[in-house]
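Could you build the full structure based on these sequences and the hints that come with them?
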Amino acid sequence: NTYIGDSSFNYLEHEIAIDILVAILGESLAQGGRSNVGSELEEAVTTQFLSQGLVLKDEKPRKDSINASVEYDRIFLAGETVIGCSIKRTLRERFRMNLSDIDGLECDYLFHISYGYDIDQGKIATTEHFRNHLFVLPDDYHKNPKLAGIMADNPELVRPASWVSPENIEDY
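FYI, the numbering for the sequence shown is 855 to 1026, going by my numbering.
These are computed hints drawn from the structure, not numbers from a lab. Check before you lean on any hint, since a few could be wrong.
Label pairs and their in silico Cβ distance ranges [as the list claims (entries may be wrong)]:
1. Ser923 - Gln975: 20 to 28 Å
2. Arg950 - Ile878: 17 to 25 Å
3. Pro999 - Gly933: 18 to 26 Å
Derived lysine-lysine pairs resembling DSSO-like cross-links, with alpha carbons at most 30 Å apart [unchecked claim]:
4. Lys917 - Lys942
5. Lys917 - Lys997
6. Lys942 - Lys997
7. Lys911 - Lys942
8. Lys942 - Lys914
We treat Cβ as the ideally placed atom computed from N, Cα and C, and that holds for glycine.
What follows is the structure in structure tokens.
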């Protein structure tokens, strides 16, 4: 273990943190304008959800028609069920502004989809309070022991994006 101040990081957590920092710094330095990492993640989610039987209703980012503080990157249909998706690399990018009780939104479900790097018990509790849902993409989250542990401890609250299908949504 390496000690930094009062914190203890094991080597794997330290390596993951460095990889994330290097990726973010590299992206910031390399971009002349906007990064396309976010749009690549949105496309990956769209491709995966379509292959799992959902129907794309709206692929352009837009605000909720009832609560304009909530913004969706994609809207999908699972049968008659409308699913608004906020798709970001990390939850910090839009998480707080998009937290709204589902009864005050046009969609039946609000999914926050990210790489899961910054999911913690506080965000899980907040999401549960607002009856929103957390999903992680890609499904190799098991490579991050901390995230795998969080998902194992909260299987009803944090799910892999591969779980999303019309059948599972119907039973949700």
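Tested hints:
In this structure the hint that Ser923 and Gln975 lie 20 to 28 Å apart at CB holds, the actual value being about 25 Å. Under the hint 17 to 25 Å, the C-beta atoms of Arg950 and Ile878, about 19 Å apart, fit the expected range. In this structure the hint that Pro999 and Gly933 lie 18 to 26 Å apart at CB is violated, the actual value being about 36 Å. As the CA atoms of Lys917 and Lys942 are separated by approximately 15 Å, the hinted pair is consistent with the 30 Å bound.
Between Lys917 and Lys997, the direct Cα distance comes to roughly 34 Å. Violation of the 30 Å bound is thereby established for this hinted pair. Of the supplied pair hints, the one linking Lys942 and Lys997 holds, its CA atoms being roughly 20 Å apart against a limit of 30 Å. The straight-line distance between the Cα atoms of Lys911 and Lys942 is roughly 19 Å, inside the 30 Å bound, and the hint therefore holds. Of the supplied pair hints, the one linking Lys942 and Lys914 holds, its CA atoms being roughly 14 Å apart against a limit of 30 Å.
In summary, the structure is inconsistent with hints 3 and 5 from the numbered list given earlier, while agreeing with the others.
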